[in-house]
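*Asks:* Sequence:
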Amino acid sequence: MNTLSRLSRRRFLGATSAAGAAAALHTASIGATDQRPDLDVDADDDTITIAGIHRPQSLDPGLATDAETERIIRQIYEPLVGIDQDTGSFDPLLAEEWEISDDELTYTFTLRRDVIFHDGSELTADVVVENFRRWGRLDYLYGFGNISQSTPLAFPTVFGGYYDSDECVLESVEAEDDHTVVLTLSEPVVYLLQALTLPAFGIASSEVLVDSDPGLASRTPVGTGPYQLVESESEDASRLILQAFDDYWDSMDGPAEVIVRPLPHTFDRLRELQRGQVDVYDLITADNLRSLVQSGRMILQRDPFSVLYMGFNLDHPVMSDLGIREAAARAINRPQLVDRLFLEGSRAAYQFTPAALSVHSDSAQQYSYSLSEAQELLEDSDYDDEPLDFFYPINTTRSYLPQPEAVFAAIAADLTAAGFVVRPRPVRWGDGYVDQVMGDSSRALHLLGRNGGFRSPHAFLSPLFGQRSREFNFHDEDLVDLLNEARAEADEEARAEIYRDAADLIQDQLPALPLAYPISGLALNARVADYPMSPVLNERFAEIRLTGM
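Using full-length UniProt numbering, read the sequence shown as starting at 1 and increasing by one per residue.
Mixed in with the good hints, there may be bad ones.
[To be verified] Here are the computed distance ranges between Cβ atoms for each label pair:
hint	residue 1	residue 2	range
1	Arg-113	Ser-291	43 to 53 Å
2	Ala-417	Ile-100	48 to 58 Å
3	Pro-424	Asp-268	15 to 25 Å
4	Tyr-142	Asp-91	39 to 49 Å
5	Glu-174	Arg-113	12 to 22 Å
Bear in mind the hints are in silico, worked out from the structure with no lab data behind them. Note that the Cβ used here is the ideal one computed from N, Cα and C, for glycine as well.
Please construct the entire structure, taking both the sequences and the accompanying hints into account.
*Replies:* Laid out in structure tokens, this is it:
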């Protein structure tokens with residue numbers, strides 16, 4: 001645990017539980033113990049309000065790709081495999097046990113009995129099979145090309161392609177009996193159990209899996225989770241209300257009701273926490289830290305497990321030149337960027353996988369900051385001061401991008417100093433930022449990031465580079481072959497070496513520039529005794545503990 005030894009703009013409490021944070025705060029606070037605001041006297045003792053960022057994009061689990069969507073989906077739906085909150089390893093959830101064949105091609109899952117969905121229907125093997133087959137057909141159900149332009153979905157990323165395609169390694173999924181599901185692969189997927197913990201593999205009731213109306217699963221979310229959605233709109237047309245499911249199969253000790261209020265602006269979340277109108281302020285930014293510490297807040301941090309990057313559009317007439325991309329990479333002072341705008345504990349990134357995954361390549365090109373080299377590379381290129389459209393999100397906070405406007409301004413200043421002409425293209429996140437980035441052919445550069453959904457380099461590299469994507473307009477068969485080889489490699493060190501080779505190739509071709517591995521965290525008011533922190537954002541509201549519970 002890191003104790004607050006001095007108060008600075010970026011100092012952050014490194015606590016792994018609310019109790020630990022309280023202890024650190026008691027040791028380090030500067031006359032702040034009597035400064036906590038009064039609690040909201042109207043707060044229900046068994047209701048908690050969380051300040052989120054945005055409304056979910058969809059409540060169809062198979063379409064989940066962003067953290068705010070996954071936050072809600074984790075409460076409503078459950079996958080076959082869960083995550084142990086203490087170790088981070090996989091754990092039984094809807095499947096109480098499983099067996100893996102010696103050749104690692106057959107997985108036999110035994111389902112829990114007496115599990116029911118929110119609509120009263122029963123969890124059976126047939127329902128699980130129906131969910132898997134539907135995830136594998138989402139491109140068909142939503143119309144070919146309609147979802148391929150957005151962030152790659154979990155099913156094709158994990159299994160190599162959509163069901164029945166030549167690239168898909170999921171050969172079949174069958175119900176052996178009412179409570180036994182058998183997955184058969186054509187090639188091993190060494191991280192399969194970890195990947196099945198993703199909220200995108202949450203099991204939905206068959207009643208909402210209607211081919212003729214694929215959006216029904218989002219409009220009427222029905223899972224087996226500890227909470228069910230009872231209201232998705234209210235007087236302010238934004239908050240979501242989740243209530244505890246009375247017939248939940250497991251013990252349920254969390255709050256009876258959870259209200260999630262989307263508040264894109266960090267200062268709005270801070271204000272509402274200080275006023276006692278919310279209990280949890282997620283995605284703290286460095287510029288708000290002093291106020292939180294001085295008011296005696298419990299502050300928790302997540303281990304860094306995301307990456308912020310600047311993407312290049314390789315179809316752009318300027319950015320198609322590797323020398324110009326290198327000039328842009330050399331122009332950006334990543335250590336200074338992280339030091340100024342990110343919470344302490346964040347690190348400058350020179351590859352796309354966080355250090356915790358232990359696959360960093362010592363031979364990969366780093367593109368360290370050098371303004372003189374950037375200027376020389378640009379002078380030697382054919383670049384002729386053409387304005388470069390640089391897309392960045394506004395009115396949002398992401399776990400990998402806490403202050404997007406400030407981060408863009410710092411990067412644009414570095415690029416301008418090297419000789420680039422940058423044309424800002426701000427887009428509200430809620431206006432479909434990701435889709436606009438991928439759909440605008442004039443784009444030269446953009447800011448985006450990736451959260452690691454499970455503990456494997458695949459969670460970072462494959463969604464970005466393992467399949468064709470309009471984000472970078474970059475596709476390299478050698479890189480795809482390396483990632484597919486790593487997917488089937490049982491030996492851990494041999495697999496790590498393959499990922500290092502992939503990192504070398506990515507850095508050599510430079511379709512995007514990794515910028516930072518950010519720390520993210522949240523602040524709690526005095527009503528919250530504990531909150532289940534997780535680097536992969538497996539934060540189930542049923543494990544929140546309120547004072548007096």
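*Asks:* Taking the hints in turn, state whether each one holds.
*Replies:* Consistency of the hints with the structure:
no. : hint                          : in the structure
1   : Arg-113 / Ser-291: 43 to 53 Å : holds (50 Å)
2   : Ala-417 / Ile-100: 48 to 58 Å : holds (54 Å)
3   : Pro-424 / Asp-268: 15 to 25 Å : holds (23 Å)
4   : Tyr-142 / Asp-91: 39 to 49 Å  : violated (32 Å)
5   : Glu-174 / Arg-113: 12 to 22 Å : holds (19 Å)
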